[in-house]
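**Q** Residues per chain are reported as follows:
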Amino acid sequence: MADLKVHRPEPPAAQALGWRPAARSRVAAAGAPRSPRWRLVSSAAVLSVLTLAVLVVPLVVGLNQQVVDLSAAYRPPRPAHPFGTDELGRDVLLRCVYGLRVSLAVGLVAALVSTLLGTAVGAVAGAVGGWTDRLLMRVVDAVASVPHLLLGIVIVAVLRPSLSAVVVSIALTHWLSSARIVRSEILSLRARPFVDAAIVGGSSRLRIMARHLLPNVAPHVLLAATLMVPHAVWHETALSFLGLGLPPHLASIGNMINDAQRSLLTGGWWMSLAPGVVLIVATLAVSGLGGVWRDRLNPRRRSELSW
Amino acid sequence: MLSATGLYAHGVVAGYDHRRPVIDAVDLAVAGGETVGLAGPSGSGKSTLARVLALLHRPYSGTLSIDGHLVTGYRHHAARALRTRIGVLFQQPRLSVDPRMTLRRAIAEPLRAARAPDVAARVRELAELVALTPDLLDRRPHEVSDGQLQRACLARALALSPGHLICDEMTTMLDASTTAALVAVIVDYQQRVGAGVLAISHDTVLLDRWADRVLHLAPTGRLDPATGRDRGERP
Amino acid sequence: MVSADTELAVAELAVTGLSVRFTIPGARVAAVSDVSFTVCPGECLALVGESGCGKSVLAAALLGFLPANAEVAGHAILSGGGTPPLDLLTAPDRVLARTVRGRRIGLVPQSPAAHLTPVRTARAQLEETVRAHHPALRRPREHAEAVAARAGLNPSDLDRYPHELSGGMAQRVATALALVGDPWLLIADEPTTGLDRALVDALVGELRRLVDDGHAVLLITHDLAAVGRVADRIAVMYAGRLAETGPTPAVLDTPLHPYTRGLLDSLPDRAFTPVPGLPPLLTDLPAGCAFTPRCARMVPACGQRPTLADHSGHLVACHRPC
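Protein sequences appear in the order of chains A, B and C.
Residues in the first sequence are numbered from 1 upward in steps of one, following my numbering.
Residues in the second sequence are numbered from 1001 upward in steps of one, following my numbering.
Residues in the third sequence are numbered from 2001 upward in steps of one, following my numbering.
Keep in mind that the hints were calculated from the coordinates and are not lab data.
Here the structure is a predicted model, which means the values were calculated and not measured.
Positions of the beta carbon are idealized from the N, C-alpha and C atoms, including for glycine.
Check before you lean on any hint, since a few could be wrong.
These stretches of chain C come out as covered by chain A in the derived footprint (C-beta under 8 Å, 3 or more residues) [said to hold, decoys possible]:
{"no.": "1", "segment": "2017-2028"}
{"no.": "2", "segment": "2056-2065"}
{"no.": "3", "segment": "2070-2080"}
{"no.": "4", "segment": "2083-2095"}
Short derived list, chain A residues pointing at chain C, Cβ under 7 Å [what the hints assert, rightly or not]:
{"no.": "5", "residue": "Gly18"}
{"no.": "6", "residue": "Trp19"}
{"no.": "7", "residue": "Pro21"}
{"no.": "8", "residue": "Ala22"}
{"no.": "9", "residue": "Ala23"}
{"no.": "10", "residue": "Ser25"}
Please take these sequences and the hints and turn them into a complete structure.
**A** Structure representation (structure tokens):
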């Protein structure tokens, strides 16, 4: 056995000077948020610019001020018209802004509706369990086995192409992921003792769902809705491109790309490229933000040994 | 065995697999005012028995009566009035509290569910009982230690003044001082209200000190016939 | 059995003035403040204190597992093994991973089952560790079984998956994994939590055997009862600081710090009376002695933080020791 050493600890003054950051272990790094800062900043910046444009430009230019100037038709990109002009002489950039507004609005509403539908199904399946759960999950599997664009087209065709038909089409094909997420969250929450404590404390099923389960699931639901927006936008774009989407007076990006198809053959490349690029940039920004948020939601920030 | 106050279990068989029940033909009685200890090696089914007695797990067979009322339903199918006669404490305080609720809200939950009057005053009273300072009440579970959380769980369990308390390994994650503090609160409550306590633990030294009599649950799922302080050789 | 006697002769972990603090939004957590101790082969030092007092943070600091928002001060010099002394707090992660973790310091973590990969058998994980530490071995399987036997496991137990292992067996697998690289120092982080008395006895016996074999054990626990049977010295932590440290019989029979005395009195086989009040939150520690609000022996001098004073080998940080 070693002799006990007597330690005279350093006086506080010396202590104050000695602070340094702890060594970065791979364990600690694994627990840190995976998204680098630039992803957050760039996504937020792009999205702010687009949102600003989408909200402000129509107010400045006026809702129906899409000036038709046939003499300026089919102009390729140049300083006066950064994205060129289309067959009616309208500025493509301006049309992209209007189109993005429609696409994003439809995408947002549709994503919200589909997430709410999925949450309802997932919550019921997870909370009630038993045969209800099994039945609902088989429905999920059945819908998942059909290619969703095909299903979406069928729905729109049945309901006749219109704004509400597009929203319904997106909602009925995209509710699956949020249903699964919510169901598994609810199942894992139900197994925890705090739900048992609530039962013993006299809470009813409804109270437990409303006060305990849903609030804990809410962040996941909001995240699912955010991540769904790009999918909804693309689904609407696809439908509009096929001519089954929004009516022509609601010019979305998809409609624009559809209209620009003819011009492609005559060399008007900017009319289909510009809307496409704008859409890609917008959806990347939304996905980026959603990804950063998702990483923040589920990190193993602290190593097992930390307090 | 039906009597005015007390928790009585007779011939309870329960588990997670019909062919291999975890507890087998268990008879247990916890009268008002007494503390019954339940010891046994881990995996022997003590927690399952606790859950059955707390009306959280339906047994395969056997009868259970609480204060003379025969139990017919479990979990949400049990009458609210019957469920709230029991208070439960679990082993892991961190999983026993809703992570999004402040301690104040967590303690108030049973009171709100029962639409009790003057919730705020009662929460203050309960917090004082378990020595939780007001500034701690406004914190969330991840901002307090295990010991403080378990105190909040005890306050919550006592909120509706239950006649029976089931402590399922409640001290396993706690240090000696917090253990002694919580046991002191429970004993004090017992003496005031005449409640019966079932204390489950694998710490036989603690049970010897705390409980009036100690039962042993063998790995076979049956209760050892020997009860009382001198227990002789354990298998 | 630790390898060469020459290695043993100078092996030592000397911690001086170790402090760890975390910066969280809106607050600074002083998890460990100014802790000093030494561990040598052939002895067991128990670090005792309630949950949230900083014991596990200390272990994390020694192994380089602190999260990114942590800062450290002080030194933790690991010497021995023929290499120059290494300050664990300033060593880069590469050095710690290649030369320290598992090779000079082993970790037996809390909740062992959670630290095992659920989809691989115990044997597979043990053999993987053997291959990592002894790449030259041609038959890792035999070495793995030998290490497992030392930890008290049958070869047949090794073929189970973690969820099939009982609490005690999982603990033994974790101990075996920690011993594979033949480290001279073992840090055991709350190894007795959730174990039955019989399993605690078995684990304590194993740790004592390891110490008698020449290893050193740093036992982090709040289980005072287990400590009495295995530790040579006890260090009591309160609010991130050392309150008292000394040989086991001295600390358990004649505790000098009121907190230690209170902790011992709260044991069910002693007075079973708790220490009144609650420990302070590590985000706002008082300027003076942190135990003051709960202390029955308070004097005006307690407004000044006490330093460790030596009472013939038994150190205590108190202005009015018992």
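**Q** Each hint should be assessed against the structure and marked as holding or not.
**A** Here's how the hints hold up against the structure:
no., hint, in the structure
1, 2017-2028, "holds (count 4)"
2, 2056-2065, "holds (count 8)"
3, 2070-2080, "holds (count 5)"
4, 2083-2095, "holds (count 5)"
5, Gly18, "4 Å, holds"
6, Trp19, "5 Å, holds"
7, Pro21, "6 Å, holds"
8, Ala22, "4 Å, holds"
9, Ala23, "5 Å, holds"
10, Ser25, "5 Å, holds"
Every hint, counting from the list given before, is met by this structure.
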